[in-house]
Each structure stands twice: as structure tokens, then as C-alpha cells.
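Residues in the sequence shown are numbered from 84 upward in steps of one, following our numbering.
Simulated from the structure, these hints should not be mistaken for lab results. Keep in mind that the hints are not guaranteed to be accurate.
Below, a list of computed lysine to aspartate or glutamate pairs in the DMTMM-like style, where the Cα atoms sit at most 20 Å apart [stated by the list, open to error]:
{"id": "1", "residue 1": "Lys-92", "residue 2": "Asp-122"}
{"id": "2", "residue 1": "Lys-107", "residue 2": "Glu-189"}
{"id": "3", "residue 1": "Lys-101", "residue 2": "Asp-130"}
{"id": "4", "residue 1": "Lys-93", "residue 2": "Glu-108"}
{"id": "5", "residue 1": "Lys-117", "residue 2": "Glu-196"}
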Amino acid sequence: MAEQLIIPKKIVIAFHPKIPEAVKEAVSIEGVMKERGLDVCSGLLDDAKLRQQVRNRDFDLLVALGGDGTMLRAAHLCAPEGVPILGINMGRVGFLYQLGRTDWQEYFTRLMEGNYWIERRMMLRAEHWRAGDALSNWHALNEAVICRGQYIRPVHISASVDERLLTTYVADGLIAATPTGSTAYALAAGGPILPPELRNILLVPIAPHLSVDRAVVLSEGSTVSIQVHSDGGTVLSVDGQTPVHLEQKDIVRVRVGDFSAQFVRFGDPDYFYRNLTARMNENSTSGFPT
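All chains should be modelled from the sequences, with the hints used to inform the complete structure.
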């Protein structure tokens with residue numbers, strides 16, 4: 084269990100604009116926090132001014148209201164600055180959340196008493212290389228996916244671990260995931276679920292054709308280099324962001340990122356397994372989440 088933090092004094096509440104309940108709940112939370120004498124404001128997570136204030140480290144804590152996508156965007160924003168995130172689930176699945184819309188007031192009291200801990204989750208750094216030049220890089224909380232784009236045909240790629248060839252794939256794609264991402268796209272592709280405190284990269288092929296069809300968990304600290312051998316139609320998407328076109332011989336290098344996402348948690352770390360069971364059971368009885 085990580086160290087306790089100081090009681091936050093400056094808090095920003097960021098919400099998903101397309102979830103009406105999140106907007107209403109943000110107003111309620113802001114009112115309660117102001118009654119406690121806290122310096123607090125609220126706004127859209129994508130608001131430019133809000134994002135710049137986080138980068139300036141004007142806040143001790145960001146409260147995120149939305150679904151798992153909101154938490155991903157919050158992590159991308161807050162992790163480089165070391166700003167912790169308290170998530171309140173307003174969506175349908177919520178693997179990244181511990182709190183729901185009905186119990187945040189109870190836990191807010193515990194937060195103000197300093198009765199919480201910080202969970203640090205590994206992020207990935209993905210780099211796009213072409214002809215020896217690094218073109219772009221990203222950090223991901225869930226995964227980097229190399230896959231087919233608009234063409235309905237498999238891609239041919241190879242994966243090397245620490246400069247040694249692991250295998251080649253003819254498949255719809257390959258997922259390089261964090262332990263956090265093991266409950267996202269990697270889970271849908273048949274991969275295992277990893278405890279969130281691990282710092283290993285998980286490789287999961289997507290619909291492999293006459294190729295290795297098992298997931299591989301890499302040793303902690305390993306780097307995986309994924310080279311494209313197809314002559315077109317291959318893309319890279321990091322945490323579901325806009326795909327980037329990959330050319331033949333392009334390489335995507337994935338390693339542990341330079342910083343970790345920090346989430347405010349309450350109680351013991353077993354919350355992850357309780358949440359996991361609850362989410363999986365909900366999905367089996369209520370249909371696919373949107």
C-alpha cells in the first residue's frame with residue numbers, strides 16, 4: 084500500500100460533457116467541497132484553461148466524473164504532473180473506478196480525514212519509428228494497438244523483445260497492454276487479467292491466422308519492438324485515440340512509461356477483485372456496455 088497524502092486543499096472537478104448526470108453531480112460535489120472551505124472549481128475535462136491549470140500544478144487533486152474513457156483522458160493529463168485522480172463512475176462499466184454516484188459523499192469524508200491511499204498504475208510509452216527516425220510518441224494507460232485499418236485483411240507483423248525476435252503474426256492486429264489494459268481491449272481479445280500493481284507488458288494477438296494465438300506476459304522492464312511487414316492498411320492506435328498510418332518496415336517500440344497514473348483509493352487493495360467480479364457479472368446479465 085502506498086503512502087498517505089496530505090489532505091487536498093485545491094481541487095478541480097472535471098466531467099464528461101455528454102453525460103448529463105455527470106454535469107449535475109459536479110455541481111453537487113463542488114457545493115459540498117466549498118462548504119468545507121476548499122478551493123474548488125469545475126469544468127469540462129477538455130477545457131483548455133482547465134488543462135493548463137493542471138499542467139501548472141494549480142491543483143492537489145482532480146475529481147473525474149464519467150466513464151472509463153474519462154479516466155483515460157484524466158490520466159493522460161494528470162500523470163505527467165503527478166496530480167492524483169479521484170474517479171466517480173457515471174458510466175456503465177467502470178473498471179478504473181472504485182466509487183459510484185451514490186456513495187461519493189461517504190468517501191469524501193474519509194478523503195478529508197486523510198484516510199486514503201494512492202495507487203500507482205504503470206503507463207506505456209509507445210514510439211513510432213521510420214527509417215531510423217522517431218516520428219511520434221505517446222503514453223498509454225491501457226494499450227497500444229497495431230492493427231488493420233480500413234481494409235478487411237490481416238496484417239503481417241513481427242514482435243521482438245529486447246532486440247530478440249519473439250514471433251511473427253498474421254492477424255487482425257497485436258495489442259501491447261498494461262496490467263490496467265488487461266481488462267480493456269486485451270480482455271475482449273481473450274487475454275488474461277493482470278493485477279494492476281504489476282509492471283509487465285502484455286502482448287495479445289487479435290484474431291491470429293495460422294500464428295501464435297496465445298497471450299505473452301513480458302518480463303518487467305522489457306521493451307517490445309513491433310515491425311510492420313504488410314504493404315499497406317496498417318495503423319497504430321494508442322488508448323483508442325485517432326489511428327496513425329503505418330508504412331511497411333515501420334517500427335512501434337513499446338516500453339514502460341516515464342510516469343505512472345495516480346488514483347485515490349480507499350480501504351484495502353482487494354477492491355480490484357471485488358470490482359472485477361461485479362463488472363463481469365453486470366456485463367453477463369445486462370448486455371454489452373456502450
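Evaluation of the provided hints:
1. Lys-92 to Asp-122: holds, 6 Å
2. Lys-107 to Glu-189: holds, 18 Å
3. Lys-101 to Asp-130: holds, 14 Å
4. Lys-93 to Glu-108: holds, 19 Å
5. Lys-117 to Glu-196: holds, 16 Å
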